[in-house]
Amino acid sequence: MPDLGKYADAVLSAYAASLVLLVALVLVTLWRGRKVRREMENLQSRIKRNG
Amino acid sequence: MSIWEYANPKKFLATTERVMPTLWISSAALISVGLVWGFFFTPDDYRQGSTVKIIFLHVPSALMAINAWFMMLVTSLVWVIRRHHVSALAARAAAPVGVVMTLIALVTGAIWGQPMWGTWWAWDPRLTSFLVLFLFYLGYIALWEAIDNPDTAADLTSILCLVGSVFAVLSRYAVNFWNQGLHQGASLSLDKEENVADVFSNPLYVCMAGFVLLFIALVFYRTGTEIRARRIKALIARERLEA
Chain H
1 MPDLGKYADA VLSAYAASLV LLVALVLVTL WRGRKVRREM ENLQSRIKRN G
Chain W
1001 MSIWEYANPK KFLATTERVM PTLWISSAAL ISVGLVWGFF FTPDDYRQGS TVKIIFLHVP
1061 SALMAINAWF MMLVTSLVWV IRRHHVSALA ARAAAPVGVV MTLIALVTGA IWGQPMWGTW
1121 WAWDPRLTSF LVLFLFYLGY IALWEAIDNP DTAADLTSIL CLVGSVFAVL SRYAVNFWNQ
1181 GLHQGASLSL DKEENVADVF SNPLYVCMAG FVLLFIALVF YRTGTEIRAR RIKALIARER
1241 LEA
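In order, the protein sequences belong to chains H and W. Position 48, counted from 1, in the first sequence is what the numbering used here calls 48; the numbers after and before it change by one each time, with no gaps. Count along the second sequence from 1, then add 1000; that gives the number in the numbering used here.
In short, the hints are calculated from the structure, not lab data. Do not take every clue at face value.
Pairs of lysine-lysine residues, derived as DSSO-like cross-links and limited to a Cα-Cα distance of at most 30 angstroms, are as follows [unchecked claim]: (1) W:Lys1233 <-> W:Lys1011; (2) W:Lys1233 <-> H:Lys35; (3) W:Lys1233 <-> W:Lys1010; (4) H:Lys6 <-> W:Lys1011; (5) W:Lys1010 <-> H:Lys6.
These figures come from a predicted structure and were not determined experimentally.
Same shape as in the complex, but just chain W (with noise of 0.2 angstroms):
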């Protein structure tokens, strides 16, 4: 069995609708059980206080954000390199899930930000970088309603995923590369100094492993509609031609 046996649609489409089920229920209940273990079992910061909780909100979300257009990226490079649609409407598929768990990543920064910085926003390094994210999915979105041809559309998509991939790597690192700003280092690191406690930490992983499993069952499926979308549109151009 090859990898690519998933470009056949019909392929994608039966293996894809065996698992949604278990996906949609894994990933319920892992954000579920993340979330109320979370918000309420775990104890107050001793500087932050209870806007601690926020944070099984704003790290998945942001993870997601970041994680979400790099797998455009490799999704786009497989059209651009072996043309296969699957893998370009699958990059069309997660955009839209990307802008949203980007402007989550965005609004509960702000939120968090404004108790504990004193501002909602400010031009930091890793906050700016999400916004030129945020904009970068936008652009990405409007390209592809743009164009008719979905070829030409999903050429010009992924060259702006490329170009769009610096951002992304920009928004997870870019704390380690300027030394400055609001917004404290990663809160999930191998070094114990840095890592968050383990009473934070353990519902953080079961919220991020919940946001994943999320992630994947909500670009199944919607890549398995983009594919009905595009057979809709082959099917009444080939009714017209035969008219």
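The following block holds chain H by itself, in its conformation from the complex (with noise of 0.2 angstroms):
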């Protein structure tokens, strides 16, 4: 771990932020494709089966 000296809290809490808010966008992403596909398969599936 580097130094940072007095600016540590500014310096951590800016990383801290960022990193949470860019995983917060990937997963949330992730997570609506994913329902979305599986809505999609189960309806197409019962399109078939009703014919």
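Got two chains here, each in a separate frame; can you build the complex from them with the hints?
What follows is the structure, encoded as structure tokens:
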């Protein structure tokens, strides 16, 4: 860990806030993508079943 | 081969799904390398101390905040002129990515500003234009959600995107237009005197490349999701008509 001196709080909080936002963005994107894909597959198989 | 082939949703999905793994892996690798390099292996700045390490997140996110809006502008214009649905959905898909990038730029800027300027916020031209850009992003997302008819929503959001482009330009060039305020000039410049030192600019370029690839990956993935969501609506509507 580098010596961040008196600005350690500022630097670490900037990194923490940014990484939390980036990871949340990626996770929400993947979660919604999978949910919609599942819905689509269920709907298509239902339509196929019902002719 | 023409770029307009990708206006076909099936062609768009098939192509983007092929490149997605490469995009995810390369963006994660570049961001990781850039941040580790910048955080652990760069010295403190002689004036700003260790806060200079915030540059590796602040500049790439600010870059993408502005460029995401320009990408939305181009795809919105394609929708308005050529009525390609994939184009409108790509603009919709990019907005949440752009809003997060703008938020990261604002938050890291405030955290950086406090020890350097003695204040979290100032009504400086660049800061203010970025805040307005953030509000435009929120308005753009809200407008898409508020209108049921997707074509009408795409038309109105395209107009909003065109208007908001003024603030995207201002965000980029505010420091040049008004030679005042707390915010410094551009960190990266062709002018050797103005450009940040190589020891900082090299990891910064790696981070910027990583953010660009992450943006492309997220927009491709989210556009695919929007295409599927619209297809679900169409199938449900057809089912109801047939019932």
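Do the alpha carbons of Lys1010 of chain W and Lys6 of chain H lie within 30 angstroms of each other, as the hint requires?
Roughly 55 angstroms separates the two Cα atoms, so the pair is violated.
Hey, Lys1233 of chain W versus Lys35 of chain H, does the alpha-carbon distance stay inside 30 angstroms?
The given pair, whose Cα atoms are some 14 angstroms apart, holds under the 30 angstroms limit.
Under the criterion that the straight-line Cα-Cα distance not exceed 30 angstroms, is the pair Lys1233 of chain W, Lys1011 of chain W satisfied?
Holds, at about 20 angstroms.
Could you grab the alpha-carbon distance between Lys1233 of chain W and Lys1010 of chain W and see if it respects the 30 angstroms cut-off?
17 angstroms, holds
Run the distance test for Lys6 of chain H versus Lys1011 of chain W: straight-line Cα separation, threshold 30 angstroms.
54 angstroms, violated
Checked against the numbered hints above, the structure breaks hints 4 and 5 and satisfies the rest.
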